[in-house]
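Visitor: Residue numbers (numbering that gives the first Met the number 0), protein chains in the order written: chain P, 0 to 227; chain A, 0 to 227.
Where hints are given, some of them may not hold.
[Stated by the list, open to error] Partial selection, computed: residues in chain A whose CB lies under 7 Å from chain P:
hint, residue
1, 24
2, 25
3, 27
4, 55
5, 56
6, 67
7, 69
8, 147
No wet-lab data here; the hints were simulated from the structure.
From the three backbone atoms N, C-alpha and C, an ideal C-beta is built for every residue, glycine too.
Here are the chains, one letter per residue:
Protein chains: 2
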Amino acid sequence: MKIEVVQKVLKHNEQAARDNRTRLDAAGICCVNILGGAGCGKTSLLEALVPRLRERFRIAVLEGDLETTRDAERIAALNTPVVQLLTGGGCHLNATQVQEGLNRLPLGELDLIFIENVGNPICPAGFDLGEHLRLAVLSVAEGHDKLAKYPPLFRDADAVVLSKCDLLELADFDPGVLEQDLGRLNPRAPLFRTSVRSGEGFAELAGWVTQRVGCGGERPADSRRRRG
Amino acid sequence: MKIEVVQKVLKHNEQAARDNRTRLDAAGICCVNILGGAGCGKTSLLEALVPRLRERFRIAVLEGDLETTRDAERIAALNTPVVQLLTGGGCHLNATQVQEGLNRLPLGELDLIFIENVGNPICPAGFDLGEHLRLAVLSVAEGHDKLAKYPPLFRDADAVVLSKCDLLELADFDPGVLEQDLGRLNPRAPLFRTSVRSGEGFAELAGWVTQRVGCGGERPADSRRRRG
Chain P
0 MKIEVVQKVL KHNEQAARDN RTRLDAAGIC CVNILGGAGC GKTSLLEALV
50 PRLRERFRIA VLEGDLETTR DAERIAALNT PVVQLLTGGG CHLNATQVQE
100 GLNRLPLGEL DLIFIENVGN PICPAGFDLG EHLRLAVLSV AEGHDKLAKY
150 PPLFRDADAV VLSKCDLLEL ADFDPGVLEQ DLGRLNPRAP LFRTSVRSGE
200 GFAELAGWVT QRVGCGGERP ADSRRRRG
Chain A
0 MKIEVVQKVL KHNEQAARDN RTRLDAAGIC CVNILGGAGC GKTSLLEALV
50 PRLRERFRIA VLEGDLETTR DAERIAALNT PVVQLLTGGG CHLNATQVQE
100 GLNRLPLGEL DLIFIENVGN PICPAGFDLG EHLRLAVLSV AEGHDKLAKY
150 PPLFRDADAV VLSKCDLLEL ADFDPGVLEQ DLGRLNPRAP LFRTSVRSGE
200 GFAELAGWVT QRVGCGGERP ADSRRRRG
């Protein structure tokens, strides 16, 4: 028996991603795709970041998960519009799923959309969703060797977040190794050290996002467009 | 343009997995597949477990990674035969890669092979490698909601390891939630709480593995065979 895959999955995704980006640009919305392994702290990052940004921007969130609406419930508790995208076992979000998410949001009333991708350090990196910026998250608990071991996640990121920095003194984590690997892999990406416990790093991260959201008509999409 | 996928990828993997299992059985080897997200502590678990088992069993390790030989170097430092399987970006090991790994090991001189899968809580769960037992690892730092959010990893495990338990007092981790989700998802799987810092749980885990390795000709493959 022969299985024929008629759809060109990746080509199809690229087209859907382009469509999403065109649509977001037309609405003047900046879209940030947050990627990282399971439990690296993506939802907690949003819980800390959204309150710091919403006085300035009208924000919504697309939550990608295999199952459950637990993350969406956490975002809804922030009184932020959220759409849960369930992949039903799929290991990453694709641009068509994001398109469906955008259909459910009042795009004319938004400035900034965060997409929380499925918790997986590998597959999500291969799928453009139409976002303008990529944030790659790594927690201190995962270990300092992860940039070298999972390069695609970090190579294409516009910024890298080292989360759970309150664990730095407890974990065998050498920030020097991380910085060296990042310098080699993706020297233009800034590194933000954060802790939701202490609040460390979120003012800086919010500042970085703010700089990139709709500054006088100049869209923040340049870097991603070049890659697209 | 139409892409034709001639190989039935999953069927092909199933056959290769069956071949691996037959070959391991013929050699009297028990094979344990260790799965879990990036940085959950799979290599550290092996570093703690192998020394506790090697007086009794002749052990080798297959190390799955996207890139680098860092994990294999850590296992080699234990004076244990190890083969690094690089997926070159692939998000899980498949049975053919394991077959190639087995080709490089002296099967006649082994009792126990550990496979450390690629650090990914999703895709590896879908691929039988020919193993007899599956160990699913979750670290305290990842959060207590991960069984509900990544059910395939835990549903099919023969045992679950909660690693980095030295962080339990620091993390917002409710072991009750984990136990409840495990009871619902996979009630027959025992839960081992471990910490490489304190050594907690490794005697129990080593005991569990020992019980399952070649007890008087009765192979430990039953549960996996039923699933295969």
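Visitor: Confirm or reject each hint.
Guide: Structure-based check of all given hints:
{"no.": "1", "hint": "24", "verdict": "violated, 28 Å"}
{"no.": "2", "hint": "25", "verdict": "violated, 30 Å"}
{"no.": "3", "hint": "27", "verdict": "violated, 33 Å"}
{"no.": "4", "hint": "55", "verdict": "violated, 29 Å"}
{"no.": "5", "hint": "56", "verdict": "violated, 28 Å"}
{"no.": "6", "hint": "67", "verdict": "holds, 5 Å"}
{"no.": "7", "hint": "69", "verdict": "holds, 6 Å"}
{"no.": "8", "hint": "147", "verdict": "holds, 5 Å"}
Taken one by one, the earlier hints fail for this structure at numbers 1, 2, 3, 4, 5, listed in ascending order.
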